[in-house]
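K.L.:
Turn these sequences into a full structure, and let the hints guide you.
Order-wise, the sequence lines are chains A and B.
Take our numbering: the final residue in the first sequence is number 361, and no numbers are missing along the way.
Take our numbering: the final residue in the second sequence is number 59, and no numbers are missing along the way.
One or more of the hints may lead you astray.
Unchecked claim - Here are the in silico distance ranges between beta carbons for each label pair:
{"hint": "1", "chain 1": "A", "residue 1": "Leu132", "chain 2": "B", "residue 2": "Ala49", "range": "36 to 44 Å"}
{"hint": "2", "chain 1": "B", "residue 1": "Ser38", "chain 2": "A", "residue 2": "Gln188", "range": "33 to 41 Å"}
{"hint": "3", "chain 1": "B", "residue 1": "Asp47", "chain 2": "A", "residue 2": "Leu226", "range": "55 to 63 Å"}
{"hint": "4", "chain 1": "A", "residue 1": "Asp68", "chain 2": "B", "residue 2": "Leu36", "range": "30 to 38 Å"}
{"hint": "5", "chain 1": "A", "residue 1": "Ser302", "chain 2": "B", "residue 2": "Lys52", "range": "25 to 33 Å"}
Unchecked claim - Distance condition first, Cα-Cα at most 20 Å in a straight line; then the derived PhoX-like pairs of lysine-lysine:
{"hint": "6", "chain 1": "B", "residue 1": "Lys51", "chain 2": "A", "residue 2": "Lys347"}
{"hint": "7", "chain 1": "A", "residue 1": "Lys20", "chain 2": "B", "residue 2": "Lys52"}
{"hint": "8", "chain 1": "A", "residue 1": "Lys20", "chain 2": "A", "residue 2": "Lys39"}
{"hint": "9", "chain 1": "B", "residue 1": "Lys51", "chain 2": "A", "residue 2": "Lys20"}
{"hint": "10", "chain 1": "B", "residue 1": "Lys29", "chain 2": "A", "residue 2": "Lys232"}
{"hint": "11", "chain 1": "A", "residue 1": "Lys312", "chain 2": "A", "residue 2": "Lys98"}
Just so you know, the hints here were simulated from the structure itself, not pulled from any lab data.
None of the values given here were measured: they were computed from a predicted structure.
Even for Gly, the Cβ is constructed at its ideal location relative to N, Cα and C.
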Amino acid sequence: MMPVVDGLMLCKEVLEHKDLQHTKFVVVSAKAYEFDLKRSYEFGAHGFIRKPINPETFTDRFTRILDDHIDMTFWGVRGTLPCSGKDTLKYGGNTSCMTLEFPRQQFFIFDCGSGIKNLGDWFLTQKRKGINAKIFISHPHWDHINAIPFFAPLYMQGNEFEVLGANQGDITMREIFSAQMEGVYFPITFAQFAARVYFHDLEEENLTVSDIHVQTKLLSHPGKCLGYRINYNGRSICYITDNEMYVETSDFFDPHYEKRLIEFVEGADVLITDTTYTDEEYMTKEGWGHSCISKVVNLADKAKVKQLFLFHHDPDQNDDAIDAKFATAKAMLKARKSKTKCLAPREGETFKV
Amino acid sequence: MAKSKKKTSVYIVDDDPIVLKLMVALLKEAGYSVLSSTDSSEVITDIARKKPDCVIGD
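P.N.:
Below is the structure:
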């Protein structure tokens, strides 16, 4: 290994060279200390990959740095209850879990529905060590936290997770997280996590994680439920679930809430949002805390989001029903001459943002 | 994606020949055009001449 100063001096020489103005520099180093990572970024490095080289992850990591893209992966796209069977194979049957992996290694997990089990397995197949991730919880209804005990990286020493979400009055995120692992409900307790796990109660606020900016907003749903807007280097991803936008004829319709929500997601590159019901289904589900297709289309179009991702499907909907919702949403956007593109992500699918 | 990778050139500088060989193999397999050196002294001159899209350094 060359002394670190040599590598960093080479970084400086490359980035300051008049003929290399478009050349990026990636540090690959056996130095595992946080100091060395920060020092590399201070010298202007575009990325930092620790040795030993992991053949399972190296190329993906390098490409993510070079392209400066975020990998957005869906591990569970359903709401309310996991469902199984041949009619759910296309979109998958797991409940809410989505991840963002950034060029500089930051890893964000949104919700711990049953999809997080597959995320844990994926980490294991990649032989990842020293996982450092933030877990953003929208709210603690079961379908968003029910697989916490089955997320294997929590039981591995050297991993570190910060759990962020809204408290529920006098119940903190830590209490919410640990309560479902009390002996009555599950035989392994929260105290048996080998990873370092710590908690951060959120309100409506802005926070910064190195070069990533996170905004939160309280959503329309029973209890305290937070929506997130993630801004990174000119791109933005909004994760808005669970959320009920009442129809205009409802006594509970709140135009001020919708206006604020439109402002919150305005111009986003990606809007992932609760599209639990068809408009017909919603007629008997008002007040259940979820939205129907026409309201979601209206939000995405008015806010001029670039890509709308339909999310949090009802467990009574099979693949054909989700296909039909998808077709309806696209038709509604077309009828509005909207520039918003609509997608229906499947479990396991990754998008580059 | 594969198309853009083929156009992308990477210059790797690492004094460990085994690690260097591994990185070269992985990036070539992914479709990158790869140049390499185990010697960091004076390598900047060659890098400036080749103008790679990215330099990997230890």
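K.L.:
Check whether the Cα positions of Lys51 of chain B and Lys20 of chain A lie no farther apart than 20 Å.
P.N.:
holds (17 Å)
K.L.:
Does 36 to 44 Å hold as the CB distance between Leu132 of chain A and Ala49 of chain B, or does it fail?
P.N.:
holds (43 Å)
K.L.:
Between the beta carbons of Ser38 of chain B and Gln188 of chain A, is the distance compatible with 33 to 41 Å?
P.N.:
violated (54 Å)
K.L.:
Decide if the proposed pair is consistent with the structure: Lys51 of chain B and Lys347 of chain A, CA atoms, cutoff 20 Å inclusive.
P.N.:
violated (42 Å)
K.L.:
Would the pair Lys29 of chain B and Lys232 of chain A pass a check requiring their Cα atoms to be no farther apart than 20 Å?
P.N.:
violated (50 Å)
K.L.:
Lys312 of chain A and Lys98 of chain A were given as a pair; does the straight-line alpha-carbon distance stay at or below 20 Å?
P.N.:
violated (29 Å)
K.L.:
Lys20 of chain A and Lys39 of chain A: Cα distance at most 20 Å?
P.N.:
The given pair, whose Cα atoms are some 18 Å apart, holds under the 20 Å limit.
K.L.:
Check whether the Cα positions of Lys20 of chain A and Lys52 of chain B lie no farther apart than 20 Å.
P.N.:
Within the cut-off at roughly 15 Å; holds.
K.L.:
May I ask you to test the hint 30 to 38 Å on the CB atoms belonging to Asp68 of chain A and Leu36 of chain B?
P.N.:
Distance hint for Asp68 of chain A, Leu36 of chain B is violated at roughly 21 Å.
K.L.:
Holds or violated: 25 to 33 Å for the Cβ distance of Ser302 of chain A and Lys52 of chain B?
P.N.:
Violated, at about 53 Å.
K.L.:
Given the hint of 55 to 63 Å, is the C-beta distance from Asp47 of chain B to Leu226 of chain A inside that range or not?
P.N.:
holds (57 Å)
In summary, the numbered hints that this structure violates are 2, 4, 5, 6, 10 and 11.
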